[in-house]
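Peer 1: Listed below, chain by chain, are the residues.
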Amino acid sequence: MHRQNSVSRLFLITILLVVMGMLTTMCAPAAEPEPEEPGEAQVDETITLAIEHFSVIEGTTWSGAHDRAGKRLEEAYENVEYVFREEVGPDLTVPYAEEMISDGADIVIGNAEFMGLPLQEIAEKYPDVYFGSIIASDLTTKQNFIRLFPRQYQALYLEGLVAAALTETGSIGIVSAFPSVQVIRRQNGFILGVQDGAELLGKEIDIYVKYVGDWYLPTEERDIAETLITQYNVDVLTQQTDSGSPLDVATEQGIWFVGKDMDIVGFYGWSDTETVAISFDTRWEVLYDQMIKEFVGGVENPETILYLGMESSMTLADGTEVYTVDIMNDNKVGVDAISPSALPLIPQEIVDMVDQAREEMIAGTWDPFTAHAFVSNGTGLALEGLPIPDAGTVVKEADVVPTNEFLLSEFAFDLEGVTILE
Amino acid sequence: MRIGRPTLKLQKRVYLSGWRAASISILAILVALLLFSLIFLLAGINPLTAYEEIFSYAFDNPFGLPITLNRFVFLLLCTCAFILPYKAGLWNIGMTGQFYIGSLAVYGVLLGLGFRGSEPVNIAPGFVILLMVAASMVSGALYGAIAGFFKGKLNTNEIVVTMMLNFIAFWLVSYMIKEGGPFMNPGGRGESFEMAASLRPPTFFNVPFTIFLALGFAFLLYFLLKRTKLGYQIRAFGLNPTAAEYAGVNHVSIPVLVFLLGGALAGLAGYHYFAAVPGVFKIARNYAFFGDLAFYGIICGLISQGNPLASIPVAFLFGGMSVGGRYVQGKLGMSFGVDFALMGVLMITLVAFQFFYRYRVVFSNPQKENPDARILD
Amino acid sequence: MQQEQTNNGGRSRANQTRKGMLTNLQRGETLLEARGITKRFPGVTANDAIDFSIRAGEIHAVLGENGAGKTTLMKILFGQYQPDEGQIFIAGQPVDFKSPLDAIELGIGMVHQHRKLIPAHTVIENIILGHPNAGAVLNLSRAEDEVNRLCEKYDFSLDLRAKVWQLSEGEKQLVEILKALYRGAEILIMDEPSSALTPVETEKLLDSIQAMAESDLAIVPFITHKLPIVLRISDRVTVLRRGKVVSCIDTRDATEKSLAKEMVGREVLFRVERTKIERGAPILEVENLSVRSDKGFIAVDQLSFSIHEGEILGVAGISGNGQRELVEALAGLRKIEGGKITLEGQDITYANALHRWQAGVGYIPADRIAMGSIGDFNLVENTAMNYYFDEAFSKRGILDFKQIRELTTELVEEYDVATPGVDVKARTLSGGNLQKLILARVLSRKPRLVIVDLPTQGLDVGATEFVRNKLVEAKQGRASVLLISEDLDEIMSLSDWVAPIYEGRFMGKLPADSTPREVVGAMMAGIELDKQGAAT
Amino acid sequence: MQEFLIRSLDASTIFTIAALGELIGQRSGILNVGVEGVMLFGATLGFITATTTGSYMLGFLLAIAIGGLLGLLHGFFSITLGGDQVVSGMGIWILGFGLTTYIGSPFAGPLGLPRIPSVFGLSPFFFLGIALTAIVWFVLSRTNLGLRIRSVGENPVVAEVSGISVTKTRYLCVVTAGMFMGLAGAIFSLDYNPVWAYNFVMGWGFIALALVFFSMWNPIILIGGSLLFGSLWQVSLNPQLLLPDLMSRYIWRTVPFTITLVMLLLMSTRWFRTKWGATKPEALGQAYVKEG
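As given, the protein sequences belong to chains A, B, C and D, one line each in that order.
Using my numbering, the first residue of the first sequence is number 50, and each one after it goes up by one.
Using my numbering, the first residue of the second sequence is number 131, and each one after it goes up by one.
Using my numbering, the first residue of the third sequence is number 41, and each one after it goes up by one.
Using my numbering, the first residue of the fourth sequence is number 836, and each one after it goes up by one.
There may be inaccurate statements among the hints.
Stated by the list, open to error - Keeping only pairs whose Cα atoms sit at most 25 Å apart, straight-line, the calculated DSS-like set for lysine-lysine is: (1) 486(C) to 359(B); (2) 549(C) to 380(C); (3) 359(B) to 435(C).
Unchecked claim - If you want the footprint, here are the derived chain A segments under chain B, 3+ residues with CB under 8 Å: (4) 214-228; (5) 422-434.
As the list claims (entries may be wrong) - Selected chain D positions facing chain A (Cβ under 7 Å, derived; list incomplete): (6) 838; (7) 842; (8) 943; (9) 945; (10) 950; (11) 1028; (12) 1030; (13) 1032; (14) 1033; (15) 1035; (16) 1037; (17) 1072; (18) 1073; (19) 1079.
In case anyone wonders, no lab produced these hints; they're calculated from the structure.
Where is the CB? At the ideal position from N, CA and C, for every residue including glycine.
All chains should be modelled from the sequences, with the hints used to inform the complete structure.
Peer 2: Structure below.
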């Protein structure tokens, strides 16, 4: 009896699915076709930029910045259209990409490195499409598969200078995800800034890094931020994680916060300049802009590694020129981005130094990673065939230009002077 | 009281025909979709358009259907992993953990054979694939069996044990793939090393061979429960453990066995998603997402009322809903979470409709039934 | 509709004003009257136009086979069920019970056959549960004082702080009576009050009941199958059959035989023919068996005995003296603490339940629903409980349900199980039919040792007769039978040997045909007796 | 060290209040495995209300109300409809996870209100937690209502014949339980971590559920368990403060769960049960259908 029961139930459910399927297919032609906008008859010249966001857009700095980049390009160029998918997992990467391509996407970006491999694999199948993927450490490319990343360390260096000036306790804390090349490289930029600032001001400054274990663990991030403040006397806090919790802790505890990836005060209004002393903004649009230009130009062999810094820029629809990365806070850039409440606390020499270093980086005449020696702290992330250099090892001398390859895939040790907390 | 007003009376069903059960399920799904229309309406979207997008993408789209099928295989395995203990009266909330551990075992095999991203030499890829499948199942089984063993031996609540094991497994994966862990990606970016391309299993329309395994296991499970001695013992134990024990069914080995077998299937889901689904081929950084997805196996198992065959269309539907829901959100520019919300509403509606499997509503007319209005004072 | 609502309101007001009215009544006046009570359940009419009355000061017995509608009627009188038709009157006033609360308020108390107590709670907590004057914050010492006063009045002794699970069955019943009295019961409905009590406890109970009836106008309708008790104690007796009142007579006009005839509708033989079988080889030998209870104390204490081929050993005792543990240890369901169990020379001390089934043990448990059957399985699947492991019914791990189905059909026929078919779920069977099915299932395996625990508890006369005869048949088939029962008549009439059990030990092993009933009764209560029956 | 303790206590407070709710429900025989879902609802709706109206009070009230409402829903499924309680609980969890993700997404980010002031350095809810524990303990063990609740959870048939409405009592408990869980969720999102983020309760509801089993249905042991878990949680996040260089931070993170597991196993042993007389409400998880 029971058997009959389930079999016919199964049967019915199958029928339901079939019926639903039929309904939808039958409905499909009846459904109104996408209305084509009358003005844009020259379909061929429209460039569709498709971004696959690995996370949610709303309320995140990383995907939020990519999303804004897409929208800005759409505004800046009449013939650029931006489409996207959110929270794209590895299994969705290819189907979504192919679906968007079938809908006319010309450039497909995966904004997390795990999308690189699958996109790279279908690149040959779609020779007329440019593919792009974020670099965290992998540098493999193909003729139409481009790796891209901004030199965020430049802005982080400037933030470090400000942070050094602001700390009174001499302790700066970083709530960090987990050791990886990307995280360590960015932290190193910040560390160099702090150290230069400390030297200039004759301060003793400790930098504490505490890893949470993942990019997005709001509760743990909060708890760890609290630990840094209460146990390590940190009075300037920054993060290499994705949730808003560390910022909230800084607000609550009345200490300075240094932002990352996006101008959260100006863009999300999550906090104000009473807490956020400085932040930096990543303009992915500069990188995409270069890809679009090459695409429009019909370049068959575009540049496949785009590692752009402040020297590169683009002009937005409203006429402002934006650099790939820049310090930014409350919609102001450059030294103006330093919080008005923080500014009085910062010695003029630091402000000058920030300004000067920024100008030189925009001009492309100076770079913190070129200028400084890389001295190992003996900590970091041991990669395959790349053990962490012993503490004190000078891996790179000052004023030597590090290769992109080194920075992007091998720079996995912490710089001397930082304390990594277990 | 029944006096003077027409009443709805509930009658316990003595017998539920298959057609009725099926129509109740379908009605429940329709009601859920109707309820969810409200959310589309609030977002200013025509529900019909939305559902058309959802269903056509999930079930009738060359790009969407493979995702649906891949999710379906995953869900079906997790559903079967839930069903077997469920039939023995036990709740496996630990598919997530078993799935994680199964995934780890797959990459453990690769590491052990020295194929950390490199191509296998001297060993046929087919053999390595076989090893990976076996490892995922064995490890998932053993991890699952922990809960079964403690349930059988100490009568420890298996819901709580499997839950704790989920949390533990979650962090074990982190340990293995991050920061110097044995499976760390060479770039150290929070996911495991990539599986060598030659170890990718054959696919049919972008769906790996695991679909046949999953379907096969569902049928096997159905047969096991229906016809075999073991299945009989499991069902007896599930309906009345005391009576089963009286009849000689071992109260330790049954819980261990069902969790062992259930864990094996959940472990296989680890192989499926992280070593067989196109585009993945590594323990993904967002492995927690798939861990959460495994929970939907519970829902599918409950809706199919513990019937492995009924769970096939149910898992297919839920796999499609998760894919279509996500798609429609991006397509129609809704805020994030449509897919989760849709599955939540489906779930709660189906829970409510469970009632109608057991009762039927009878309208009774008091005028006819109670001629004496019982006015007595 | 409006009018009816007013009536509703009026009725509940009337209920309130009548509170306590029963105390003013005189002996012999009709307290409670039920007219034309009809209650239907899907498929059955449990009560069919029943008229019933209770007078002040009387002990009124309600007799009937299982399924005759006694319990339904009592539940209606107690407000647990609402009748479909008919009306209840208290002191001449119509009343309408929506829940037991209404009945309790009007002075009706109920002592259930299956104890309605919470084992994890203390005696006093059980007594005050639901009491309207318990107060928001519990004042246990005040309640204890009040209950102690009641105890003194009726000469009960009870530790009010003890947890109920620690009490004996007799004490538990006392708790129920006290609970009803503490709530001000004037009418006490007792369902099978003497089941699970020792003869000694039963005597004491009957005395208390009589005392209550005489001194206090506590009115006690008394439901039982036990005719001697009915004859001894009641003033009037109402006999129900198939939901209808067959007769209502003064007890002094009734005899055991006449009542039985009315209950069953035909003549009943009360004696099962005891056939003597030539004493064969020992089947079951138990040496120094010790078993612990769930609570961890020794429940079976160094027990040694043997049962020979073709013998019935009756273990007489009040539940809770280790019978359950003994039976479960023999069936392989409970870990033993020490000792040795041998079945036909084969050591099965550490064999599990399955091995014991295969070795020839057949166990018929006391709890037919919780242990003996699986309610959601159909009859075929229930039969499979004792056959799934049988090589004859499975091939390479796959069960041959077709064959089991045939077997079930045969058994259902042979054992006269009343069922529409073998595809119905076991839960739809009545107690007697379920027991027949279990019996059929177990005995058809031709076990060498039959362990049977409370085989006729809760069964009606017809089913009881059937079950007992089947046990005797098994014995004639040269099986040995271990019979556990609380019913001394059953033990005495069926067994070859009687072993009264008390606190985990046998008080002796006596030949059933030459031992006076009273001796066994006394031993069950733990009194050491010599063979002559005098206390030592 | 002091701050470390404070964080532990703050976390324990949330476990305590959510678990207390669950305990009340379970004592009346209703198992609600959807604690996480109710907490997510309470947290999200409380957060949205507070952030849009600027009133903490409204936020908490709404969270408590939605908790009660979900309790009512669970009650409707498991009491009135007599459905399987685990099924209903799972449904509530999945619904909570799904709907709050959708509803809350537009509100992602910090709350943007001044912090709730602390009392003696501790969150005021810590004291509320203690008070609620004491009240729940008192009600359950010393009052008539408590006796009723316990009776309904132990044996609803007995309770019913004693004149107690099983349905009413269970509804009362399950709604109260939901309110506690909703409140716990709101404390999480308005006080403990006032930043809305996707699925941010991250399993704390499930931990609360485990704590109830751990507590053997005793509010006093429950608060002990919460404190233990809260401290373990902090230790596992900050091993360098107590036991540096012992093991990987990821393995540390498994410690609270492993210890909970070990404790649960220990409590399941015969030795422990006979010694401490652990009492699971006998009717837990069983539907009660009134006869007749």
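Peer 1: Determine for every hint whether it applies to the structure shown.
Peer 2: Outcome of the hint check:
| no. | hint | verdict |
| --- | --- | --- |
| 1 | 486(C) to 359(B) | 22 Å, holds |
| 2 | 549(C) to 380(C) | 19 Å, holds |
| 3 | 359(B) to 435(C) | 9 Å, holds |
| 4 | 214-228 | holds (count 3) |
| 5 | 422-434 | holds (count 4) |
| 6 | 838 | 3 Å, holds |
| 7 | 842 | 6 Å, holds |
| 8 | 943 | 3 Å, holds |
| 9 | 945 | 4 Å, holds |
| 10 | 950 | 5 Å, holds |
| 11 | 1028 | 5 Å, holds |
| 12 | 1030 | 4 Å, holds |
| 13 | 1032 | 4 Å, holds |
| 14 | 1033 | 6 Å, holds |
| 15 | 1035 | 5 Å, holds |
| 16 | 1037 | 6 Å, holds |
| 17 | 1072 | 5 Å, holds |
| 18 | 1073 | 5 Å, holds |
| 19 | 1079 | 6 Å, holds |
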